[in-house]
Amino acid sequence: MLALRSVRAGYGSFQALFDVSLDVRAGEAVAVIGPNGAGKTTLMRVISGLIRPTAGSIAMEGTDLLATPGHRIVALGIAHVPESRRLFPRMTVEDNLKMGGFLPAARPKYRQRLDFVFELFPRLRERRRQLAGTMSGGEQQMCAIGRALMSDPKLLLLDEPSAGLAPVVVEQVFELVKRIRAGGINVLIVEQNVQQVLRVVDRAYLLKAGSIRAAGTAAVLLATETLREAYLGV
Amino acid sequence: MPILDVYLLEALINGVLLGGVLALISLGLNLVFGVIDVVWICYAELIMFGMYGMYFLYSVFHWPILAAAALCIAGVGALGVLLHVIVIAPLLGAAPINQLLATGGVLFFLQSAATVMFGIEFRNLGLRLPVLKAAGMFISYSRLLAFGAALTGMVAVYLFLRRSYTGAAIRAIAQDRQIMTLMGVDSRRIYVVTSALGGALAGLASCLLVLLYDVHPFVGLTFGPITFLICVLGGLGNFVGGAVAAFVFAELISLGGLYLDLEWGYVFAFVFFIVMMFVRPEGLMARRS
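Protein chains in written order, with the working numbering: chain A, 1 to 234; chain B, 1001 to 1289.
Worth double-checking, as some hints may not be accurate.
[To be verified] Cβ-to-Cβ under 7 angstroms is the rule here; a few derived chain A residues that face chain B: (1) Ser48; (2) Leu50; (3) Arg52; (4) Gly70; (5) His80; (6) Pro82; (7) Arg86; (8) Asp95.
Keep in mind that the hints were calculated from the coordinates and are not lab data. By construction, the Cβ of each residue, glycine as well, lies at the ideal position given by its N, Cα and C atoms.
Work out the full structure, taking the sequences as your base and the hints as a guide.
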């Protein structure tokens, strides 16, 4: 479904990704784990077109993403929940969701998508008229995921959805990832919460200092020496 | 009943009527600033061209006034788009000072172009609208008309921003520019739409101001500076704050003009502005956080 081949990217003279190759196959949930500053967020941004790689190729179901303007990538079925949520703080929950369904193709399905999101997050229905910036962190994360789901994506990119949330809420977020998957949406998730994320995905990649150090099924990766090394430095 | 109270009431009403027009003018400037993050220094000069448009279409070519107004609104809207595409878009990544200088240059260009093309004579529509007399007060119909049209224009913009997808994107882009791509929004298209809207508001303002003022190449100086002060006082990019500031300013001008001279009204307004810049430098309706 999604295929990255030898992707290099960076900011100015700083290179953040070195020849990263990665796949998300149809029906899969995949995690990218790794310590702070490993290039995880850069990886997500390269996929959704927020930044452009300096080398390599990215394809979504055979379509070359590098030849697609950034704002057209979401129309290919890739929805990105960015790091630290990035809601429109002075707009209502419903307006935020409306922006998620901005695509011309998504507009006729607005009601239907809204019901789907409200079913997933009953809390958002209660708060639909509230300004997004005034909600709790957990509620904002739900709103951000709901906004991404409004475009009816095939692949959901989640960038550290558990960051800054209370442990109970973190549980809920991972529970939710399972449900979204069960609903037939592929997930590519970036996380620091290694133990928990590996329980909800099929496969994972370990990203360290901008390159993939290990890859495999969640169970295998949990057991590898490399993982322990990456986090504990022993 | 002491006669002063009638004058006071009349001044208050005139203040409200002026406030409506000022609110409309500042809305266009605020919209462009909020969305594109650029100040159109030449905004009042766009209005000046619209006023000339009204003068020529109505007084010289004898168009029906509503048709002339419609063409002026569309024409100044197109000028806004031209300004964006030719001057602003190439400078979007440049330092803010360069953008200011560029639109400042357009100001002088437009003033000079108007002087060459239309001469420096003062012109007006030659329209004599009656004056409404009620309860000992005199309120001119042209002001009432301008107020009503300004209000209608602002309500239309409000509904557009609230109801349409493009309107939602315009509000959203002012809050988080970078992630618009993730919503599937082409920011460049939103900028063009916003410039058209800002220009159309200037166009509507020109149709109303031509009822109240003579037009000449430097007429922009009459209301350009006050428009910027209103926008800054309301908090640049804050639509509601701009409207509130417009009414506050209009009342100061109107009441100052009642007790002293019209010029003193402006002095009060400017002193108020300077004091407010010390007290609330972020504007009247500054957002917390």
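Hint check:
no.	hint	in the structure
1	Ser48	holds, 6 angstroms
2	Leu50	holds, 6 angstroms
3	Arg52	violated, 11 angstroms
4	Gly70	holds, 4 angstroms
5	His80	holds, 5 angstroms
6	Pro82	holds, 6 angstroms
7	Arg86	holds, 5 angstroms
8	Asp95	holds, 6 angstroms
Consistency with the previously given hints fails for number 3 only.
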